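Engineer: Sequence:
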Amino acid sequence: MSKRLLGLALLTLLALATAGPVWAQDGDHGGDVDWGILGAAFAIAIAAAAGASGQGRAVAAAVSALARNPGAAGDIRFALILGLALIESLVIYALIIALRGAAFF
Numbered sequence: 001m002s003k004r005l006l007g008l009a010l011l012t013l014l015a016l017a018t019a020g021p022v023w024a025q026d027g028d029h030g031g032d033v034d035w036g037i038l039g040a041a042f043a044i045a046i047a048a049a050a051g052a053s054g055q056g057r058a059v060a061a062a063v064s065a066l067a068r069n070p071g072a073a074g075d076i077r078f079a080l081i082l083g084l085a086l087i088e089s090l091v092i093y094a095l096i097i098a099l100r101g102a103a104f105f
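Counting with our numbering, you get residues 1 to 105 for the letters of the sequence shown.
Incorrect hints may have been included.
Claimed, not checked - The following label-pair restraints were derived from C-beta to C-beta distances:
no., residue 1, residue 2, range
1, A73, Y93, 28 to 34 angstroms
2, G71, L10, 20 to 26 angstroms
3, I92, T18, 31 to 37 angstroms
4, V59, W35, 23 to 29 angstroms
5, I81, S53, 35 to 41 angstroms
6, A48, A9, 14 to 20 angstroms
7, I46, G71, 37 to 43 angstroms
8, G36, I81, 48 to 54 angstroms
9, A9, L38, 34 to 40 angstroms
10, F78, G101, 21 to 27 angstroms
11, Y93, A72, 43 to 49 angstroms
12, G7, W35, 37 to 43 angstroms
Simulated from the structure, these hints should not be mistaken for laboratory data.
Here the structure is a predicted model, which is why all the values come from computation and not from measurement.
Even glycine gets a Cβ: it sits at the ideal position worked out from N, Cα and C.
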């Protein structure tokens, strides 16, 4: 089994284990699962993981570029900060959509 597939399996098991409190609701709901909250939890988890991966790759590429050409530090820094802001804004959009889908607003 490849490391990527093993990591994906462990991440899936971790997500399912941490989503357990969704089923531990009080009697007001009649034991029904609130699928909106569960879906919102998975959506924001995937968005946060993808955003963190993208930010890690962006920083790694920027550090590599700075190591190769230290004279272009200002341009690389500007592009890095702009890219990180755009990546983070996508994660924030996913959070807003997840909260809206779970009817928190």
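Engineer: For each hint given before, does the structure comply? Return the numbers of the non-compliant ones in rising order.
Structural biologist: As far as the earlier hints go, 2, 3, 4, 5, 8, 9, 10, 11, 12 are violated by this structure, in ascending order.
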